[in-house]
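Asks: Sequence lines, in order, name chains A and B. In our numbering, each residue's number is its place in the first sequence (first place is 1) plus 28. In our numbering, each residue's number is its place in the second sequence (first place is 1) plus 17.
Hint data in this document are derived by calculation from the structure and do not stem from the laboratory. Nothing here was measured: the structure is a model prediction, and the numbers come from that model. Treat the hints with care, since some could be wrong.
One side of the interface only, derived from the structure: several residues of chain B facing chain A at Cβ under 10 Å [said to hold, decoys possible]: (1) V21; (2) R31; (3) G33; (4) V36; (5) F37; (6) N48; (7) L62; (8) D76; (9) Y81.
Below, simulated PhoX-like cross-link-like pairs (lysine-lysine); rule was C-alpha separation at most 25 Å, straight line [to be verified]: (10) B:K20 x A:K85; (11) A:K85 x A:K104; (12) B:K20 x A:K109; (13) B:K74 x B:K87; (14) B:K35 x B:K74; (15) B:K88 x B:K72.
Where a beta carbon is used, it is the ideal one built from N, C-alpha and C, also for glycine.
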Amino acid sequence: GQNIDQPTEMTATEGAIVQINCTYQTSGFNGLFWYQQHAGEAPTFLSYNVLDGLEEKGRFSSFLSRSKGYSYLLLKELQMKDSASYLCAVRDRSTGFQKLVFGTGTRLLVSP
Amino acid sequence: DVKVTQSSRYLVKRTGEKVFLECVQDMDHENMFWYRQDPGLGLRLIYFSYDVKMKEKGDIPEGYSVSREKKERFSLILESASTNQTSMYLCASSFREGLGTDTQYFGPGTRLTVL
Chain A
29 GQNIDQPTEM TATEGAIVQI NCTYQTSGFN GLFWYQQHAG EAPTFLSYNV LDGLEEKGRF
89 SSFLSRSKGY SYLLLKELQM KDSASYLCAV RDRSTGFQKL VFGTGTRLLV SP
Chain B
18 DVKVTQSSRY LVKRTGEKVF LECVQDMDHE NMFWYRQDPG LGLRLIYFSY DVKMKEKGDI
78 PEGYSVSREK KERFSLILES ASTNQTSMYL CASSFREGLG TDTQYFGPGT RLTVL
């Protein structure tokens, strides 16, 4: 089976750094995605990791440790517009088809 | 830019009605997906399709069916809507799932209310 855990909600201040953690258990891991979803909108792609290590993209970075079943999304220099839900998703191939399994999302609230 | 469109943003139907949700993508993607999103449960996969006329059950297919007659269009059908199918429905597409950073692109969603 698959299990993905991430915190339900986090708060942070404008200009600060926040780290959103994601742990997963899957028998057919083939990559991990982070998506951003603003209220009432579609999820949009932020980052992808398949090998261990850190991927940096501007203010956002994502880290993966496959041996620990662990990832985090790091957001630097927080802005008000970063208030959104952040979805961790694992690409799983254990059933023979590649599909994404999503966590329940972490709602981030950035305050002034 | 990839564009995934869904036929309605908001829909209200009555219990027992047959409901069609339409999704169209304009990037010649092979794979298309239907999810529902509920508070505290996240995105759950209902059905997906990796080719025209092909379909595979996701994690929660009960009460739903799908149709993919053309590559760009993937329809979700609720044969007899029930109140527990009130949800946000999201369609997504990807070029060829499983290749590196090939990501899924999502439509804006349809918020369905079944009374």
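Asks: Against this structure, judge whether each hint is valid.
Replies: Now the hints, each set against the structure:
no.	hint	result
1	V21	holds (8 Å)
2	R31	violated (24 Å)
3	G33	violated (28 Å)
4	V36	violated (20 Å)
5	F37	violated (20 Å)
6	N48	holds (9 Å)
7	L62	holds (6 Å)
8	D76	holds (8 Å)
9	Y81	violated (16 Å)
10	B:K20 x A:K85	holds (23 Å)
11	A:K85 x A:K104	holds (11 Å)
12	B:K20 x A:K109	holds (23 Å)
13	B:K74 x B:K87	holds (19 Å)
14	B:K35 x B:K74	holds (20 Å)
15	B:K88 x B:K72	holds (12 Å)
Hints 2, 3, 4, 5 and 9 from the earlier list are contradicted by this structure; the remaining hints agree with it.
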